[in-house]
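Engineer: Kindly produce the complete structure, drawing on both the sequences and the hints.
2 protein chains.
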Amino acid sequence: MISEKMRNMVKNSSAIRAMFEEGKRLAAIYGAENVYDFSLGNPNLPAPSEVADALKYEVENCDALTLHGYMSNAGFDDVRAAVAENLNKRFATSYDKSCIVMTVGAAGGLNVFLKAVLDAGDEVVVIAPFFGEYSNYVANYDGRIVVVKPNPPEFLPDIQAFENALTAKTKAVIINTPNNPTGVVYGEDTLKALSDAMERAQKKFGTSIYLLSDEPYRELVYGVSQPYPAKYYRNTVSGYSFSKSLSLAGERIGYLAVNPDCDDFDDLIGACAVATRVLGFVNAPSLIQRAVAKCLDASVDVEFYRKNGEALKAIMDECGFEYVNPQGAFYLFVKSPDGDDAAMCAKAKKHRLLLVPASGFGCKGWVRIAYCVSPETIAASRQSFIKLAKEYTR
Amino acid sequence: MISEKMRNMVKNSSAIRAMFEEGKRLAAIYGAENVYDFSLGNPNLPAPSEVADALKYEVENCDALTLHGYMSNAGFDDVRAAVAENLNKRFATSYDKSCIVMTVGAAGGLNVFLKAVLDAGDEVVVIAPFFGEYSNYVANYDGRIVVVKPNPPEFLPDIQAFENALTAKTKAVIINTPNNPTGVVYGEDTLKALSDAMERAQKKFGTSIYLLSDEPYRELVYGVSQPYPAKYYRNTVSGYSFSKSLSLAGERIGYLAVNPDCDDFDDLIGACAVATRVLGFVNAPSLIQRAVAKCLDASVDVEFYRKNGEALKAIMDECGFEYVNPQGAFYLFVKSPDGDDAAMCAKAKKHRLLLVPASGFGCKGWVRIAYCVSPETIAASRQSFIKLAKEYTR
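Protein chains in written order, with the working numbering: chain B, 1048 to 1441; chain G, 1048 to 1441.
One or more hints might be untrue.
[As the list claims (entries may be wrong)] Pairs of lysine to aspartate or glutamate residues, derived as DMTMM-like cross-links and limited to a Cα-Cα distance of at most 25 Å, are as follows:
#1 1071/G / 1125/B
#2 1058/B / 1364/G
#3 1103/G / 1344/B
#4 1071/G / 1132/B
#5 1354/G / 1110/B
#6 1071/B / 1166/G
#7 1052/G / 1189/B
#8 1103/B / 1385/B
#9 1136/B / 1236/B
#10 1250/B / 1364/B
#11 1251/B / 1310/B
#12 1058/G / 1132/B
#13 1250/B / 1344/B
#14 1058/G / 1166/B
#15 1052/G / 1125/B
#16 1411/B / 1364/B
#17 1341/G / 1169/G
#18 1052/B / 1051/G
#19 1052/B / 1069/G
#20 1052/B / 1107/G
#21 1394/G / 1365/G
#22 1058/B / 1311/G
#23 1058/G / 1364/B
#24 1396/B / 1385/B
#25 1103/G / 1080/G
#26 1144/B / 1069/G
#27 1052/G / 1169/B
#28 1434/G / 1350/G
#29 1411/G / 1348/G
By construction, these hints were calculated from the structure, which means they are not laboratory data. Just so it is clear, the structure is predicted and the values come from calculations on it, not from any experiment.
Structural biologist: In structure tokens form, the structure reads like this:
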């Protein structure tokens, strides 16, 4: 009785989530400390103390009708104003509250934007490897996903291949920097080159192409800075989530920031508010909206993730596994020695290592290791990685 | 640049939300106390104290990684178990945690269910008047909404008309009792008659027809009790929200309870979990999930709403307006004297009364008055209603 479309989605369901559920099953058998679950981007750092303080403050001081009641579908006016102001301070942008739509995480925001702009058959360009859920989000609105092939070993976009992928039907491009699953950060040159290609395509086809910049890892960078994509391309909509910067993945809180110079700004903002409602989000959860507005400059300890990455890289070096040196996010992207990512993950599971095959990210032959785990997990996993490496050198 | 589909949705956008925004505009001009906003079902009672206690308890005592982190897409296991147990206690059902999917409010839950079951062209039967958003939810998945015409003055379903609306393509029926916008409660006889009609249709067409029972007003009843719909029909999925019972409309928290005897139970539950993820909800917000699990027997003071209803009915009687005597929810359904609901709402607005025309609920000629407001608002609105009535007796 379930729909055909859903039957296919279930069948091809997220390898990440399957591993996460498998991890819980194995933990019940072997004990959580003996399962090295690198599957899910579920932060291992507690939310900064500002979050608990803000939550308690709001519960104690905010009028309950305001705190827990409906507000405009786009979110609380004062929260949206605070977000706009904070972005302006950090990135010298010129947002005001009318540019901001509070969303149920970045995933909710991406769906809201795509619902707002996609008609059946419209194309959305993504650059592999990319977060596999984008395919589902685009399919939700009968859009067609167009994948620019991976460009190893640096995994920076092949600009010519990217430009070739843009057509008269391209409604949007999704980028994600720092990148999940590679940890690659797009610098100024890359953002400029992408922007130039899109500008040429807009001119060539007489269309508007939106850049949907998915930025949940914006603050998680190591020794580099992440240029703000909206500064490089006018038609940019930034999708943000507090899931990683404040370790609030389960709370589902984020926002869309629509560049005020975007084509059809008013229509787009109006459509995003309506999409928020008709998709059943209605509005981003109210208490956590108010709490994050008080924590816009707070952050988890990024150094923790950097050290995790270093520890994991040392193990990979010891094992002889090739990987992309991550500049951001909390993923290590590792090459399967024989090019078979699914087999590598199956072998790893025998050693109680839960990794995710990157075929689901549009990049066969690689696996993703999420290192948002405890340093103890990484240290304890060393022997298992060594055993895994031996399977390839026998 | 926004999609054609969305352009239509924006154009036909919610009359309720338009009135809500209008109310904020008028309040800024005339002062909030001089605008009688009966537009939105936004509870005027603060959440019961158990909610603040539970929120503070969780923030102070629950491990932050658990409290704010990802869990299974269907929700926390212990929260789902608590919900199942509470339903079993109250309604002698036999749910377990596997039957429960925590959702982003009832609106999120309805979308999750419809995404799980609808293919393009599948039919969903609703009984007018019905919450207008159902049309958008069904359209989101390219389903076709089939409306059973209103049956005044009692507004209980015309069973023969209902049965005639069921076809081989009927995938689901949505009911909503206590009803928004009429306040009507479906009793045992009505639920049995609906069930019998659906059973006959299932047999006739060799199909499964799901009953999606939208129950945000379940606890808000006045002098009657609401029989539990799932007890009368096997293929029932109950959609619940804590928006009204705990005054948490902005928090977006609810659940789907799938009857364990439903056809294709495992597939349906699996599809709902995947739909939760791919629609971008990912999971219901985590902190508020944990908090409501501690407040399953708590409730706002229903007597407050009953008294509001009585006060408003007295004004309607004084004005000579006809209305449906509400047995539940917090809406008074009032007949426009000249059959033009849009005109009545326009006239009302001149007197700073914000009402919602029921054309958007599939019931031309009636208006909805949401009385989840302060008693002072109702008392103060009396003169405006008297002036409105005079416009019809000149």
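Engineer: What are the numbers of the hints that this structure violates, sorted from low to high?
Structural biologist: Hints 2, 6, 8, 10, 12, 13, 15, 17, 19, 20, 23, 25, 28, 29 contradicted; others consistent.
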